[in-house]
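Asker: Each chain, letter by letter, is given below.
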Amino acid sequence: MIRLPTTIEAALEHSTTHDVRAGGTDIQERRNHGRRRRPVLDLRDIPGLDKIERDGEGLKIGARVRLAELAEDPWVRERYPALAKGAASLGNPQIRAVATLGGNLLQAPRCAYYRDPEVQCLKSGGSECWARQGDHLWHVCFATRPCIAPHASTMGMVLAAYDATVSVAGGAARSVEELYDIGDTLRDHTLDEGVLLTHINLPRPWSAEQGAYMRATSRARAEWALVEVVVRLRLDRWESIVDARVAVGAVANTPLRLREVERLLIGNVVNEPLFVAAGEKATEGAQPLEDTAYKVELLRASVFDALNAAVVSPPSPLIDAPDEDGSEGESKGPAK
Amino acid sequence: MSTGTTRRGFLRGTALITVGGGVAASGCKTTALESEGTHAPAVEAEGTSVDTVPLECEVNGQKEALRVGGDRLALDVLRDDLELRGAKRSCGHGACGACTVQVDGRPVVSCLMPAVALHGRSVTTVEGLAKGSDGLHPVQRAFIGEDALQCGFCTSGFVVESAAFYDRWRKEKGTAVPSDEEIAEALSGHLCRCGAYLSIYRAVAAACRGDYDEPGGEGPRYEARDKVTGAAQYTVDVALPQMAHAKILRSPYAAAELRSLDWSAALDVPGVLGVVELLNAPASVRYVGQEILAIAAETEEIAARALSAVELDWRIKNHVLSIEAATAEDAPVVFPRGEARRSPANHSEGPALPMVWRGNVRGPGKLFSHRRGLARWTGRDGNHKAEVQGRYRTQTQVHTCLEPHACVARWGTSGGLEVWMSTQAVRHMAEDLAERFGLKVSEVEVHADHIGGGFGSKATLRPEAIAAVELARVTLRPVRLVLDRREEMTVAGLRPQVRTDLRAALGKADDLAIKARAYGDGGAAIGSATTPLMRIMYPQSRLDLQDFDVTTNTPPGCPFRGPGGPSAFFALESSIDELAHTTGDDPIELRRRWNQNDARRRVYDWAEALPAWKDRSEPQHDRGRYRRGVGLSAAVWLYLTMPGSRVKLDAGPGGIVVSTATQDIGTGTRSLLADVVASGLGIERSRVTVEIGSSRAVHGPMSAGSRTASTVGPAAEDALRLLKEELLEVAQTKLRMRRAWAVPEGVRDSVRFLSWAELLDESPVITVVGKRRRDRGGFFAPPIDGLAVGRYLSAAVQVSQVEVDILLGKVRVLQSWTGLSVGRIYNPLLARSQVEGGLIQGMSYALYEERRLDPRRGFLVTAGLEDYRIAGIGDCGPIHVEFIPGGFENVEGGGVGIGELSTLTPLPTIANAVWHATGWRPRRMPLRPDRVLEGLNS
Ligand SMILES: Cc1cc2nc3c(=O)[nH]c(=O)nc-3n(C[C@H](O)[C@H](O)[C@H](O)COP(=O)(O)OP(=O)(O)OC[C@H]3O[C@@H](n4cnc5c(N)ncnc54)[C@H](O)[C@@H]3O)c2cc1C
Ligand code: FES
Ligand code: FES
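Those protein sequences? They're chains A and B, same order as listed. The opening residue of the first sequence carries number 225 in this note's numbering; numbering runs sequentially from there. The opening residue of the second sequence carries number -12 in this note's numbering; numbering runs sequentially from there.
Any given hint could be a false lead.
[Said to hold, decoys possible] Sample of chain B residues at the chain A side, in silico, Cβ under 8 Å:
hint, residue
1, G57
2, L60
3, P101
4, K797
5, P842
6, A858
[To be verified] Distance windows between CB atoms, simulated:
hint, chain 1, residue 1, chain 2, residue 2, range
7, A, R461, B, P598, 46 to 54 Å
8, A, S351, B, Q802, 49 to 57 Å
9, A, E514, B, D592, 47 to 55 Å
10, B, S109, A, E277, 19 to 27 Å
11, A, A501, B, K601, 41 to 49 Å
12, B, P598, A, W299, 44 to 52 Å
13, A, R411, B, E244, 39 to 47 Å
14, B, G204, A, G350, 58 to 66 Å
Hints are computed from structural coordinates only; laboratory data are not their basis. For glycine and all other residues, C-beta sits at the position ideal for the given N, C-alpha and C.
All chains should be built: construct the whole structure from the sequences, respecting the hints.
Answerer: Here is the structure:
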């Protein structure tokens, strides 16, 4: 059974009883193995969700924009370099050509137990977390919630570092951080069943952003990250960090924005000890499982690497406008 | 439990007893397909829920209008509805790239992309890429020319992706040459289990450079064109009229007794056609995934659904999942005393000798010890230079063929059986099927045109094939059974994990003594063969060797490219390296002192002169974050052949047909046969047709144990010899050259010369059958079951340069050099491809691959290609391969196998290089980041 609604309103009428599908790269994998069996509500024919538009000073990205388009969009590459890099690095080219940004944010975890149709885990109606007792080599090192599967979304992590918000049909708009503020629940995000993500909104780009995206893997390419990091920096003429955003993924049940690390960086001059300290700070609060302590080490090194990569990456164009409109979130200027 | 007759026919038990009469097709017509087909979509209006929706798109330039359901995937529509079977389903979840097609010029993952997403778009598959007058895209020509493929199962995906890359590159950058990095990035979503990556780099670069812009030119591989155009047919591509689809029900428990089994409800599911039990209840299961029964239905989906209607009553037993658990006091026993102990499968290439069992432990096998008493003594007497010891562990490796195990079976009306099987042994399968089903071998035909990888896992008659054949008999319909990726990774074949304790001592007179105890865990199978290879490598030394099997409640192992080799040489060659560094001896020099073998001498000579080795830095030279090191190790392998195998030639003015009952699993057997015949007669290869892949031809070898080339090569040459004799006679009689004699290029008499080609044009069709003869001097072991062990050993040395990132725990092989002494090489380009593949598989095993089971219940965690990690193109740096000439003069044909030899050295070479770089000696594979970090911190 399939529905192809042509308006958001028509879609909302059935979205609670159907499996919403965008690119399908996540939901089909689960459906193919019988993990999900409801009729399909495919967003293919709803207009307006597949565009990247300049919106005032910021950017409005339709939920159905494909990751490859995002990664290749000239404006995104120029003004939001870390976003483009993140979108260009996840999965592989054939996946990025099909997967959408909205689907990426709302995808289910890649825990092998959760994906195994024969296993009932906490998230699939069972009473225990199989991974915690069993194989969890690739699971979280911030084991603070009942489910220890790492959050799968690279873009969720990147967008958290961009202070992005999401527009929701049938529900309230919210920041990406709020999207993942799931508390102690077993949810993947805070959107209620049946609501639809329509757009992702980015604030005005930074002037002279230097962004980097890094992932630690065992193979060279196309592997799920063991740890992933996004960094955005703004430096002044004296190499002092004027503004910073740091977020990490694959280490916790949701993407983590590391505000403490940002605070540590802002106002300081770029140098190696600072980045070492930032790497160290990033691991604060880690609660590794029996087999995931190595991820703490990878996190330390990856944050260090990402910061180093950011400071040598070409800055995005200068924007003349003053800084004080608050579009850059709470951290403004040197905190000296 | 259901017994007796039902409306539909069925078959019970693997013993092939038909219970009840009615093996009838008439009762089987309740097909879900038909009911689905007649189900007109309720309403067509947009946004309403319907079963199917219209799909209009352009495929390879042609407009298509179809209807598709919600869960149909782009790949299903292309393969099943449009019969474009170039794109393959291999992983089914976006990780391997075999299903890649272009949508509006962009490569997409068609195994996850919903079919409805193709609406209004333009699709290009491998079949539709062609641009040139030769029907080929420049990238396809380059793949042919550079031999960028082996089994070919991944090839369509790589070609489609590379073509998109090429089209874009040429538009933007002209004939500039992309870097390896750029190519690796573009192809990062593709996996090739055969390890054809280096020639893929070469092919894409050459195509971009413009080397293949014009049609023309031939590649080294006979069937390459079929593989780059998607025309090659694999078992999974076989579609017969009226074909039914089967699925297997498997044990969810690692150890249990099946008290009863009732599948009557499953049989009543509409669309189900028949059931066959693969395990007789009451019966024990020994691992998760063990086959219980199979159901054939109109569609795979119905069959899968019907499986859940089977009622099972289990008594769950305690299980053991690891060597440690299996060898503990009071451990539950996997194969209890008695009948059961005769049932475990054998994962070695040799016969399983009778041995003592103690609980789950079988052994020791100590036949290969040598001067054992002395070995025990060396190192104890204080009279030695150095002693090292360690516990080495190698992990379970899964064959991971990109084409899953698959079988399509059809019974003829007159009782004959025709089977398409993804197998390394068409002839043996026909014999086994004949025996099993009470037929004459001549009544069975097994086809395997192309096989998407085997590596040892497709050489026996397996349950899925038996199930397909039995179901085909019961349902009177052709039945197709293809394992899905999870099944493939669970039960379709694995290399046992091995724990080896090894102590090596060097006496004052540089004599070597080794004590080794190897415990091989091949799950519910036996055949541990790690230490015998130590004897073969250092035969003169004092060797106290014992091998044990440890059986566990995990899926059974089967032979895997060089069985026992990686574990043996990892422990052995790491220890030798350690000894050398302890005493300050040169590692090659030390090995030389124990050597009396010519092949090894040749590879040692070669390695000693290698700049990468000679000019290596001091150990632990680098102090920074990235540390480089160079490691070396050597290996030997047995040479097997099948004397008595035959090759037939049908030669005449129309060309030559070469045939034998063998198959090409990507190793180049077709090409070898074509080349031997063409070059032997001085004719164009295009005049030679190779017909293999059917059991009906004259007796040929299986493609396993590196035996194919050394078997069919000499047999083809023998056939040529016979053909030339016949042609000479044609000249003497028909062409009146009564005193003619043969010269290499043809025949001559005092007046004229006729080339073989000219003679063929004049000759009637001549049929000759050549035979693989005995080697001069005979064999080491005379043929058992047709397989002989030759008197000569092949040898290899590998030197690798690695880089270790000590912060991220990442090991990369930057470059490697391998010298092999195997005698004559039939086709250097193809041989190089195969060696590169073996080396890449070994590297992949050393660094990434690891089958992981749930430690409590024993089911598979690494069930997909995202989690079971095989090396990708970006992991492969340059590999230099050198075939060192010389030796093997007494071997018929002058050359021995390379397939297994090439996969033995990477583990110890990489481990030794990591030690050289960091001072940490790895003793446990794979070198995952967590292990490397732990090792470096310790
Ligand atoms: C081999 C492989 C590697 C991968 N590596 C990475 C990686 O490194 N990083 C990473 O982040 N991801 C990775 N992915 C995952 C991939 O990025 C996601 O599957 C993809 O982004 C999901 O997008 P989609 O459009 O296909 O979503 P779908 O499968 O269509 O949907 C995903 C989920 O979101 C819901 N949904 C989608 N759109 C909406 C909407 N507009 N409103 C409400 N609900 C909606 C669906 O109901 C479903 O639950 C990988 C995937 C594969 C197969
Ligand atoms: S089959 Fe589609 S990616 Fe493997
Ligand atoms: S040629 Fe690539 S998988 Fe065999």
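Asker: Starting from the hint list further up, note which numbers the structure goes against and sort them upward.
Answerer: none
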